[in-house]
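Chemist: Residue strings, one per chain:
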Amino acid sequence: MRNDQPSIDLFSDGDEAVFSRFVAGELTDEERDAVDLRLRSDREFRETYLRWSILETDLERVMIEDLPASLPAAGRRNSPWRKASAPWALILAAVLIGLTLRTWHSKQAEPISPKVNALAQSEREQPPTIAVVVDVTGRGSSLHKGQRLTSGRISLDSGTLLVSFLSGARLFAEGPAELELREASQAELIHGDVALQNDISPQSFRLDLPNASVVDLGSEFAVHTGPDGQSVVRIGEGEVSVSVLGEDGTSWVSEVVGGPQNVTLMPRDANPLRNRNEPPSGPEPFGHVPPVPLQPLTISDGYVRAVRELKPAIYWRFETLDDDGMVPDEGSLGCRGRLVNPGASDAITVSAGQLQLKRTPQVRRLESERELPPVGGEALTIELWAQTAEVGWQTVFGLLVPGFPGEQRSSAVLEFAANTGLVHGPMAIRAVCRTPSGRTGGTNLFGEDLWSPGKWHHLVLTRGAGQAKLYVNGVLVAEARVPPAPDHERYFAVLGQLHAVNWPEHPGLIRQFVGAIDECAIYEQVLSAEQILRHYQLGQQAD
Amino acid sequence: MSESEGTAPTAQFVENVVRHQHDLVRFLRALGLRGTDIDEVQQQTMMLVWEKWDEFDRSRTFLPWLLKFAHLEVLKLRQKRAADRLVFSDELLGAIAADAQQNVRLFESQLEPLRNCLKRLDPSEYELVFAKYAQGLSAAELADRARTTAKAIYRRLDRIRLLLTDCVRRQLIQPDT
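Residue numbers (our numbering), protein chains in the order written: chain A, 1 to 543; chain B, 1 to 177.
If you are wondering where the hints come from, they were derived from the structure by calculation, not from laboratory data.
Fair warning: this is a prediction, and the values are worked out from it, not measured in the lab.
Treat the hints loosely; a few may be bogus.
[Unchecked claim] What the simulated footprint calls covered on chain B by chain A, stretch by stretch (three residues with Cβ under 8 Å from a Cβ of chain A suffice, anywhere in the stretch; the number is not a length): (1) 12-25; (2) 110-121.
[Unchecked claim] If you anchor each label on the Cβ, the simulated ranges turn out as follows: (3) B:Ala98 with A:Leu476: 39 to 47 Å; (4) B:Thr36 with A:Glu237: 29 to 37 Å; (5) B:Leu77 with A:Ser142: 49 to 57 Å; (6) B:Asn103 with A:Glu30: 26 to 34 Å; (7) A:Asp449 with B:Glu15: 38 to 46 Å; (8) B:Leu163 with A:Asp324: 40 to 48 Å; (9) B:Arg58 with A:Gly218: 56 to 64 Å; (10) A:Ser300 with B:Glu141: 56 to 64 Å.
Glycine included, each C-beta is placed from N, C-alpha and C at the ideal position.
The shape of chain B in the complex, shown without the other chains (with noise of 0.2 Å):
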């Protein structure tokens, strides 16, 4: 396709990519991937998406169009990494990709709410949040440092996801002034 000919192509495909970018990252994560995989299975969806681009019917959503690409990068690098053992089943992976393609609403939670609601979080609610994922700790990393066990870090854990994850409802209905 030549510039002339796909400068509107070009641009909506751009745009999509671009939007929908974090979506992807949600998505091979939810797959089981993490660090360089992703950057790899990234790199390589976005090859072959926009070899196909042509044959994305514009009226559809972009979303699960480029997820389904996505999925069989994933598939091909499990192929490649047939040697390890893998955390997911093949039918499980099948079965999250299929959720995530048909329910792209799950999709829709956007970072600022998100962003405004660990504000919100209490002094010890935050530390242990950024101790997790700003740090990196494990949860035996994280109960050694609390002198308690890791069962205790993941209830806590769980209970401000809860409060994040409420929050974050009531920030779409109302956003944050």
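In isolation and in its complexed conformation, chain A is listed as follows (with noise of 0.2 Å):
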């Protein structure tokens, strides 16, 4: 059946023309609606768009699975995992997670979960947590590493101080000073010495002084406030944007300043900012805030005794690499682990018996050696732990269906979370599955509140009979039914970065793990929750 078709001449560019444009929004509105009043009217119309369209999806398929090797890391040609007889059943597979509540997309039809009014109820009551205590010396202080700080006063008599703020930014502080913290991305100095970086967060932080403001553009620097409210800015690398205040409170002179320099700040003088490049009179701030600390792991022969028993599939040790430079697998399936490194930097390392990460723009993560067979049918547990060196979204493990570089599927990924625009409270730690394997949306769990940077966390997530469930140090901390994913699909496991390419124009995207994971291993059945806190256990011994 034909409608009467519109006096217009778009029909006799073809149909390639034709849909391709209107699929694109690229008709106009004339244009489109003729479009569409033909496809609702003409069947046999309606037939040949569905005819392109699906041959359209499938070279785009074809096309993106068969990338020759020359393009840039696209899967090398004889890559295991590049088949090109292989079909392409989308991998249901491992599916780790879930929210002991319904997940958030389904939320819509369906009442508020207790956990989220719990976790709304609790934000109402108490006062945010915007920063953690990563680092404390000296005697007398009332301060503890891993405590969580909210808005408030500090004072250090003596000794030092290292918090990471939720924003990311870390500032170190030297006693005697007093701090008042605002928020994750704000604070005071009223007197002492501090040093501030901000070199991972999109944010700026503002440090307030008595009269002045220095308010970071990514950059490292460091502040000596004196008694008679004088202040002295070492601004190390990177630009900060340094402010006396009028009376009103606003910027009454200002200045962007790059490092290295030094700034005085006298706000009752005439010439309030003074830039000067040979060391203050005064006392001289120091410039750098120190990395943050990681422990040894001292893994004991027990534990190793009680993995090796479960005969995993997968066994990453880290203790050393082999000939080939890989890590070995001392699981059934001889899988070893790759350090991918282009830039050849000390970015990751196998050293002190643990895989070792540093921040880079460039890619670096370790990556299974090939594709990893469907793994145990539906039943699958990952364990390893984790020390991280940062507060921010960090990926610690993945599993990945092959594809383009930023065009990975995953079906699974565990990370540290925070600032990741989703909602779950601070310090998270985030499980994510997907069914099938995709780059967006699945199912989350969420362990609320309870990692930070310098310390051992023992992580477990484990699928199977349609539940999947996570652990962290020996204690199940959030679980969910999920879909049974039985594994047809081939992927590959990878640690200490998601994706395979860095988009510095959508940082939350990379997440970059910052710091040491150790015994990893995959089993191709679900532990228990005896087993798992055992495992955790037998972790904290030494022999």
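Put the complex together from the two separate chains, hints included.
Modeler: Structural data, given as structure tokens:
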């Protein structure tokens, strides 16, 4: 059945032109309405469109899967996971997580869960955490490592204090000093010496001084504020915006200052901002935020025996590298780990019995040397120890379906979650399961407020019998029902970074894990709560 | 459904989903979805189909039933995007979805014959297909590269499509050797 066609020339351009431009939204309103009308009224034309669309989908899949080796890192043609003859059956894959609640996608039609209410209630009743104590030295301090900090005053009589804000900025103070923490990206130095580094957060950090303010623009700087209200700012790297405030509290005189340079702030002076490249005559502000001290992980022989007794498919211990520079696999698959580090820097190394990762603009991660065969049908457990040096959104582990760089689909991801843009408590451990594998969506499972930089955490994900469970330090923290997902697709495991490309304009997509990982095991079975707790306890014991 | 009761149904569910996963992508693209929207709707459809699995009449074909739920999820997504300018009218979406569910034979085309037929294109034709689908170049970009017009590019793609469609049909009758 054909309706009268509108008098436009579009259809004479051919089906490809019509359909391509239609679905891309490139037609004018009149043209779009004309195509819409014809598709609705002309069944034959509609079938032509369907065939066009199906072929379009198939061509995209085939052409992307069969990329030649000449394309950069597209999946080497000889790579075992680029089998041109393998059927493209979407992985239902390792479904490892879920919520104890319904997913936040389906929450629209369902009553708000008690846990969501509890989270919101908690946030209303208690001041929000804005920072965490990473390290503290000196006697008599009431602060301790891992302590959550809310807004308020901190007095440091002596010793040192290293704090990570939830924004990602790190502040180092040396006593005697007095500080007022305001927000995750704002604090005030009342007097004393501090250094601040903010090179990983897209948010600026504002440090208020007496009648002055320093706003970092991606930098490291140090400040000394004396009892007379004068401050000296030393900019090490990057730039800061320095302001002397007027009587109304707004910037009276301001300047963007790049490092390395010193600036003296004299709010009561006619010339309140003085740039000086020579060291100031007064006390020298120290310039550097020390790195987060990472702790060693001493794994007992009992732990190793317990893991081996369960016959893991993969067991990467990171004790050493083999002659090929790969991480040996002590599991049944014999699948080694390859250090991917095109920059050939020390951004990823195996040392001190751990996989150590530093922040770098380049891609660096550990990958299984080949794709993993369907692992254990529906039953799967992933276990590892991780210690991070930063507060931020960091991917520890991923199960990926190979694809074009940046197009790799994940079926399971395990992360330290902060500043994610999702709704969860501070310092959460996040696992996400995608069925089928994908780049977005899926079911999230969060363990709330569980981690601190500079501490080891035992992380375990299990999937089986339609359930996914997340354990942290031997304790079940979240679980959910998930669709059954035996593996029919071959995938590979990654540690330390999820995506194989870095997008500078989307730093949140990179999610580099910075810190150390150890004792990574993948089992073709679901470990019980008792077994997991036993592993955690054995991991705490020294021989 | 406990695992001991559901072993056979679970395996059936998985088998059906795996077999028709690419058909689901084809369907969602036919309804105008792209990129992350496809991922999102796939996830939601899977969960919904699993929840409703007990209601599925095993004597019937799975794909139309799967597509029905996918259609519902697409409608939910459109509701969330109510503020966006939608390309497909609601009526058109419904018509395409109905056609797809009634004509699942359209989804019977397989990828392996298509791969074989792509190898038979001449180099310039293959390069055009590669540039469009693997490198994601638009018609305008392709035209610029070939120093021609977008209209000419569309016509070349139409011709290539006809070649591939004919070739695939012949493949299905007589496999390549």
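Chemist: Of all the hints given earlier, name the ones this structure violates by number, lowest first.
Modeler: none
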